[in-house]
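Asks: Take the given structure of chain A and dock chains B and C to it, following the hints.
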Amino acid sequence: MEDWKSNSRAFWTLATPATLWLLAFFLIPLAYLLALSFSSKALVNGEVSINDYDYFTGVANYIRAINPDIISIFLRTLWWSALATLACLLIGYPIAFSICFMPERWRPLALLLIVLPFWINLLIRTYALKTVMGARGVVNSALGLVGIGPVEMIGTTGAVIFGLVYVFLPFMILPLYSTIERLDKSYLEASLDLGASQFQTFWKVTLPLTMPGIITGVILVFIPCLGMFLISDELGGTTSWMIGNVIQAQFGASNDWPFGSALSFALMLLTIIVLVMQWYYQNRSKGAH
Amino acid sequence: MPDPIVSVRNVSRRYPGGVTAVDNVSVDIMPNEFFALLGPSGCGKTTLLRMISGLDAPSEGHIYIGGEDMALTPPNKRPTNMVFQSYAVFPHMTVSENVAYGLKVTGVPADETKRRVAEALEQVKLTHLADRKPDQMSGGQRQRVALARALVKRPKVLLLDEPLSALDAKLRDDMRLELTRLQQEVGITFIIVTHDQDEALSMATRIAVMEKGSIRQLATPEELYEHPTSRFVADFIGKVNLFDADVVSQKGKAVICNAKGLGKMNLTTDRTCGKQVTIAVRPEKLKLSKTAPKAEGLIKAEAKVRDVAYYGDWSEVVVELANGQMVSVNVQNDKRDGSILGINRGEKTFVSWNPADSLVLTE
Amino acid sequence: MSGQLKPGQGPLEYGRRRWLQSLFAVTLMVLYLPIAVLVAFSFNEQNRGGVWKGFTFENYPKAWANQSIYDAMVNSLTIAVITTLFATVIGTMVAVMMWRFRFPLKPAYEAAMGLPIVIPEICMGVALLLFFNGTGLMGFFSNLVWPFNLATIIIAHIAFCFPFVAIVVRSRLVGFNKQLEEASRDLGANEWQTFWQVLVPYMKPGIISGALLAFTLSLDDFVITFFTSGPETVTFPVKIYSMVKTGVKYEVNAASTILIVITILATVLAMKLQAPEKSGH
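Sequences listed follow chains A, B and C, in order. Using numbering that gives the first Met the number 0, read the first sequence as starting at 0 and increasing by one per residue. Using numbering that gives the first Met the number 0, read the second sequence as starting at 0 and increasing by one per residue. Using numbering that gives the first Met the number 0, read the third sequence as starting at 0 and increasing by one per residue.
Treat the hints with caution; some may be incorrect.
Facing chain A, from chain C, some residues (calculated, C-beta under 10 Å) [stated by the list, open to error]:
| # | residue |
| --- | --- |
| 1 | F40 |
| 2 | T77 |
| 3 | W98 |
| 4 | L114 |
| 5 | E120 |
| 6 | F131 |
| 7 | F159 |
| 8 | V197 |
| 9 | F226 |
Think of the hints as simulated: they come from the structure by calculation, not from any bench. Glycine included, each C-beta is placed from N, C-alpha and C at the ideal position.
One chain only, chain A, in its complex shape (with noise of 0.2 Å):
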């Protein structure tokens, strides 16, 4: 790698676009919305105005944001942002698994087949999901066949964190099976030799080594979760709102775009939170070789 000062035409023809780009279209946005967020609707005229803003009048939006409901709303939603989580983590592990140990030349097959419906538009796949959970969807039906229903799903908590789950499980599978495919097998080998039972070899050697994916996956399942305000609003009722839903409602029915800048930006922290826990443990466990 060279210093940019070697080259400072090259460097400056490449970085300037992207910067530029990065820098008017992300963060100055960002900048903005940090500043909304501490503003309020101006008054004109005795009357609150639709559009004017008065900046920097406090923290009056962050006082708001403390209330019992938008408290419970966060919580809720990081509840069941960690329930699909879980869930992705107990469903795609084992799938990850079983497709790292398939003969070679179905793997890749196994992988597209896991991954493609991530492609497919995300508000596709919730009309999907809807249409086949509905009171007449093609589950009732084959409920019906059988004699039960039909069950009411549109609506429900579960019917959202399916939908959570459903959409992000691929998010999941693809960084566990790049590590458990890297994972050397002669480690579980040597340790069902050593007498370790299968159960013990996956607790103590192929769980601490497979860490690294589980953390990913996590992170990449547990975010999107956190922001998602679709899924909650097409498959969950007007009871199971998530932050998203909130934050969505200030910028239309409500019409209050400082509050909800407000609402972003600690939705915005709450990532970066996450994602500054997971580079500290990846640090402290490169620290710890």
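Replies: Then chains B and C, alone, in the frame of chain A:
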């Protein structure tokens, strides 16, 4: 004769897709033996070892370990332990944690574990590295961890899968001596898998040479080298000159052959020959001379020196017979005057040997 | 806990364990069932109600004839194509820059570049909405003629797509043998020629799969588009969103099916292009 510690009976291993890795193999391994499975890659030696360890299961057949049929016993229930080719030393544990692992998972009490781990580390001279992580260690050190980790379990049989292949040449020689010493010290049966004939010849008490899933010959190192029973074994172990020959006549052990490029010769063999045989002779059994040797009863032929490769203590001389066949001759460089009997490329020479040093191979 | 081994099956041959095979099969079924049903109903005769009435192709011409679906589709594809062009060029350039140069605060720069990938989409969408409104860009662009009225969406899409392109291209560059560059210079090529004749051809598979990635990401995006589209412009996902809200017609299924086919083709193509590289490492 004591009972065998490991007795493999008619074991086959077939993979889905029709590949047969091990084909109806039977072999007995005696207590306290240093036994080697030798063969080219893909001959089934590793599969056989893995079936003894329980890391693979035979499609058919029985494997008796200590008198008990364990062909389908899971690896964690067998009195065998393995040293892996890649060592497989757990990277997330320290050296002593690695060594203690096999005792902990089987519920050996903590104080006994501690004592035995210390003992095993002592045995492989790693006590000073007990708290290191494997990635701070050399290949040779990791190998010792793998050894200690297996030995601490006090197995009836220690299995070693190509244990020296990942080490550099100097370390390999040290480790070879170390393994022999350990084997005598602990008095456990060692079964080693290797593709390296030197390793097998120098360490093992008995060697099974495998080819295409079957054992071709099972014998002591000396016997394998001096009395191979097949062309494959003769060629695989050490270097050998092979001559195709027609059988003229056979009376009991005496056989008269007509070898291409050498003419008629009288040889002895225990086997009944067909029409065609292969005559094998090791390069160090051959002699070179400037003039035709006078002694009676030697096999001799005129040849031309084609190549001389100098290895310090000895040289390999390649000579070409009248019919174009190349023959390797090993010559000891036991004189300091530098020239090897004055042998130079392109010169005429005579190659000769005692018929008793040649082998008649029927397969 | 495990009993005996099975003849001819080692203890680690999990690929042949029935319960793992079943779990895999069930998961695939669950993943694909809703999509399969959606595709199947795009061929349904009756227009609503979720009951199968009979096979027909009718919904496809109907979707084609439905002006608003057609417009939304054209908008989505236009946005995706323009986004892909820009994001690929910008992303490739910055990938080469980060691969080649050392510069102050590089870790911070890399982190900032990764931020659009990791923060929740809703945060980015909301921030861009505020920005476009605050600066008046939203009003300015939405009054322009097509396709310039899509500018806000395209700008936003480029912003979240080019970091993905940069990652893909950069991971391709890691395997580049710098001696090739030196050899080219040694043979008399200048820096510009070396870039075009040596580096760009080497990066090509990475650039293509990065471009396909940008294309599918843009085509699929709902959240950011939802927040950054002007009052008049509708993209396909946003259109579906509103149609689902108001009750569904199977024309939507037909149009969705077409979109699914496009994405699957792009994805499979991208994977095919990447596959030889994977086996090479």
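Asks: Please go over all the hints and tell whether each is borne out by the structure.
Replies: Hints, one by one, checked against the model:
1. F40: Check passed: Cβ of C:F40 comes within 7 Å of chain A, closer than 10 Å.
2. T77: violated, 17 Å
3. W98: holds, 8 Å
4. L114: holds, 7 Å
5. E120: Given a least distance of 6 Å, the restraint on C:E120 holds.
6. F131: Cβ of C:F131 sits 8 Å from chain A, so the hint holds.
7. F159: Constraint on C:F159 satisfied, holds at 8 Å.
8. V197: Constraint on C:V197 not satisfied, violated at 14 Å.
9. F226: holds, 7 Å
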